[in-house]
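A.B. asks: Below are the chains, spelled out letter by letter.
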Amino acid sequence: MSSAPEKKPNAPAPQAPTPAPKPAAQPAAQSAAKQSAVPAAPPKPTIPPEYQELQKKVAEVLKGLNPTFEPSRGYLDVVVAKEHLVEAARRLKEMGFDHVISVGAIDYIAKKQFKVMYHLTSYLNEDLSKYVVALSTYIERDSPHVPSLTGIWLSAEFHEREEYEMFGIIFDGHPDLRPLLLTPAVAALRPLRKDFVVKEESDDIETDYEAYLATKWW
Amino acid sequence: MHVPAKPSPKEVPRATFLGRAVAGNLGALAVGVKYFFDPNRITLLYPHEYIKLRQGYRGYIVLIFDKCISCASCARICPARAMKMVSINVFDKKLKKYMKKKYPVINYNRCIFCGFCVDVCPTEALYHVPYHDLVYNSMADMVLTLEDFQKEPEFVTAKEGVPVTYIYDEKKGLVKVHYEEEGGEVQKAEGGQASAATEAQGEQAQGGGG
Amino acid sequence: MEAAPRLPGMEVRPVERHVYEVQIGPAHPGSGHMRIFVEVDGDIMVRVDPDIGFVHRTMEKLAEGRDWIKNIPLFERMAILDACNITLPYVEAVEKILDIDPPPRAKYLRTLLCEINRIASHLYGMGIFGVFLGHSTLYMWAFGDREVFVQLAEDLTGARLTHSYPVFGGVRRDIPDDFPQNARKAARYMRNRLNEYAKIFLNNPNIRKRLEGVGVLDKNRATELGIVGPNVRASGIKYDVRLVEPYEAYDELDFEIPIFEEGDSLARAWVRVEEIRQSLNIIEQAVDWLERHPREGFMHDRFWKNAPQLYKDIYNGKIDYAGKYRVKLMPLFASLKVPAGKASARVEAGRGEMFYYVESDGKNVPYRVRVVSPSFRNVIAFKYVMPGHRLMDLPAIYGSFDYFPPEWDR
Amino acid sequence: MVTAAQVAYDVGWGILHYIIFYPPLYQLIIIPGLIAALVVVIFIIWFERKAAARVQMRYGPWEISPRTGGATQLIADLIRYTFQEIIVPRTVDFMSYIIAPNAAVIFSILPLVAVPMTSVSQYWPIPMDFSLLIAVALSTLSPIFVVMMSWASNNKFAVVGGVRESFIIVAYELIAVISLLAVVPLVSTFNLVDIVQVQMGGRWLGLLNPIALLDAFIAVIMSTSAFPFEIPDSESELVAGPYTEYSGLMYGLNMGAGYIRRWTLSVLITLVFLGGWAPYRPGPGVVAGYLVPSLIVVAKAVVVMAIMSFLRSVYGRYRLDQALSLAWEVLIPMAIAAFGISIAETYFGVIP
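Residue numbers (our numbering), protein chains in the order written: chain A, 1 to 218; chain B, 219 to 428; chain C, 429 to 838; chain D, 839 to 1190.
Since the hints were made in silico from the structure, they are not lab data.
A portion of the hints provided could be inaccurate.
[Said to hold, decoys possible] Quick list of the computed label-pair ranges, beta carbon to beta carbon:
1) Y397(B) <-> D127(A): 53 to 61 Å
2) T910(D) <-> V374(B): 23 to 31 Å
3) P49(A) <-> E229(B): 53 to 61 Å
4) T910(D) <-> Y397(B): 29 to 37 Å
5) K318(B) <-> R918(D): 52 to 60 Å
Even glycine gets a Cβ: it sits at the ideal position worked out from N, Cα and C.
Extracted from the complex, chain A is given alone in its bound form (with noise of 0.2 Å):
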């Protein structure tokens, strides 16, 4: 593997498909640690080593909700019940997680399930903004109501608009809840659940040739 090639730089080498690792050389220990070898098997689901600290941090301060951490790679996913839910994300601007970078759904159909996540991350709190930390919870599919954040965090005004169109999730107590991209009877098909299948053409990467050059596909 060709690794930190900026400490040889005059190394001209036009196919050295393995060039001799030089251990003395390594520039950081951050950097070999991105440089571990391919491991072969899937990789282990944990939460992310840079989040250690924080989730320790955010343990602390939603103490008495019951968070619960799922493993995620690139952002923190605390997950609270949806009775909790407001009172966490009071606590978590407190904290200094003053703005929504996404409120996304998920459709768990077999569980019959949606989760609803807050990304959040901070502007003013430069020591957060390194991090994404996802405020979620799941919520019947029959009866898909949770608590609107909008009069904690505005920016997430806009997102829970598409979501209650894109899913039928009712935000309770938003303040103006109305289809967002959608027309509404296209928003009373719910596009994003999993039950809405698009039409589209076959994936057979097959077919026959008189079929082919009939196609009205365009």
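Using the hints, position chains B, C and D against chain A.
C.D. replies: Below, chains B, C and D without anything else, positioned relative to chain A:
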């Protein structure tokens, strides 16, 4: 080497009233007048000129029939479902008999020229031609047959137009140059680099174009 | 006089007295495919309601039916003039789930294209901004000079706009031989041009009058609304994903993040100009690095270790019809299965922070992809910043946020 | 004995003198009126597009006649406008909708009958004693019809555009009137012929009183809603302002009316500030006494208009309130100051 990015506070340049009313107006007018007398035109006069694109441009795709091993990777990776595999009877030279084999065909109504098929082909049986401005009479014509897919499509613009190419210039950004001249230079220079001579020619061509 | 005839499709909506509703868009010369309901009281806007979604393509849904790699050209369609930045977080998120880290050369190549795209995107935004204020020269200049960078991107990737350049584990091409000198020429040209831009547009008293003190967003308000990108940096917030969570090669490059305190439309325009300067620095550094280092490590070993000799020959230009420095994709990409897991990634795209949430359940298609584009997060600003300004300020504010309807509609 | 040749000569002479060069008709229809205005407008629009194209890294009109640089493009546009269907929406007020553009064009040309094209009194369309006043007064009529158009259109954008137009009318008229009349103390006459005669020696009033010239110049730009004051029909928020509901030839008339008004006022500026037909001294006869001086005036006015057109490629557009505050707070005091300068110069005897 770890050089973190650093925030650097900056300020919008302030101007006094007089500076704004006089210097601002005069500066804007001066730039306008400068370009009025010395225009820097980059427009391509399209049907009369066309850009001779360099090799590597992701243009129309051509199949080299003999190299295809019917692996269907191209059809599988096609993000627009433009490429399909069709079965035809071909004479197999090794086995000395006719047999059914699968070959890719392409529907240019759908193709988005991402080039994934060309890049994924394990035997390089597909390649791009470096042009993209073609005309078809109907949408049905854009569903290519296997025979058409093996031919390089006819480049109609090249019949009437003058080939030009754009070279980079520090003063003018992109400069339009007639292709033959630059091509000749490149062949002589053998470096693949636009020499000073070509730049001079480029300016000449620029002046003549007005 | 009789009442106005009721035309087919006409919708009658009561509005308050003294209020006059004007619809800006959707078929509108400057704005593109979006509509803003504006209620004006006299000349002052009192309520602004952006009505978006005219080019909505349900990309999040389409992505759930497409193979992992096929989503790259799909997401690119959000903002084709910023294609690399827009697809990069998706690629990064999938790489996180796959647990691979691209080699340094690939990182530098991605960074290079990202910055080329950022300049192109900023120039596009400035051009539209210019035509909004009736300044057609800036529009033409920005689009003409953007051509320089589009040409650079074409030399690098083979396509003008829809590059589909970053793929999982690496990139699809290496730089051509004459690319470094061309990039340096382009950088020097653009630096000079920016001074002329300042003269004819930003310091033009006419334009300054239009922009100064218009659409002011202070630090706290910008935070509350969650505005992103150059727009928050114009409000004095030190937030840039390249700064707070460096990705690709950004932690090895020497550049600045311009921050302005004013928060008005003029500051937002200046941020973009200063960012173009910094991007030119980055391009020069990246090109230097790429020139200094041997051409190896453009694709992660997992996808390149077993590459046959033919692939290496094609890379080195030994096959005449195939071009040079092309990185072949392994057939594995066509049927890639990503292990179960979820990841998010964000990058600083031209218009701001681009965020992807990717969830996989081990199949060959994603289970859920959540895309949040910067323009989508900026659109809320119209609702809360515009009221209180005059109707003629609408284009000035609208343009200064560097709107791009296809991006926010997704 | 009357021969056919004599009759033909006499009839021709009569047509030449009493029809073609009959001053009111000549000035209204030929030079500098309708025909000259049309030619000039076609040239100026072409120039505007070409000049903007030169600044903006492109070619401008080209394809239609590459040898002349696309000069015939505007004729092609004119033909297209002429044969385009005129769509009259159901909701408009029909009579005023039809009358307004026509009236705007007619009243735009009208001031040209009040200006002299020569010092030979035989070729004056009207008595010239108060011609400056009359011309200025007539020039203020046509913008009213823009407001009329907007109101007749019964369209939101048109109404907003019309309201803006009416704001601007009030602002710029004062500037135009004061700054054009600012030369009166200097020459102590309202007679445009005398005003031109004073400038014969090269002492153009524009040089003696540059502030008045600048003010009048800006007022003309404002009055014809050219850049940077293209406010009533600012396309980025109002589709085409007062002209939104017009199509085909009617839209062409609207566009033409603005340009013709600019042309008229440019002629006026030329006469008042730029010496009119100076330094040429009109001789006897139709050609030397009428045609040549009028062509000189046309040439000078075209230059004035070309400079106005060039501003499009440098400036954007002001906001309405900024344009108004510029007019009321800067330009009107400047116009009054120009008046004062004239008085001072008269006191010190600059003009003998």
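A.B. asks: Determine for every hint whether it applies to the structure shown.
C.D. replies: Structure-based check of each hint:
Look at Y397(B) against D127(A): about 57 Å separates their beta carbons, and that is inside 53 to 61 Å. Look at T910(D) against V374(B): about 28 Å separates their beta carbons, and that is inside 23 to 31 Å. A beta carbon spacing of about 40 Å between P49(A) and E229(B) contradicts the range 53 to 61 Å that was offered as a hint. Checking the proposed 29 to 37 Å range against T910(D) and Y397(B) shows it holds: the Cβ atoms sit about 31 Å from each other.
With their beta carbons about 59 Å apart, K318(B) and R918(D) fall inside the hinted range of 52 to 60 Å.
In summary, the structure is inconsistent with hint 3 from the numbered list given earlier, while agreeing with all the others.
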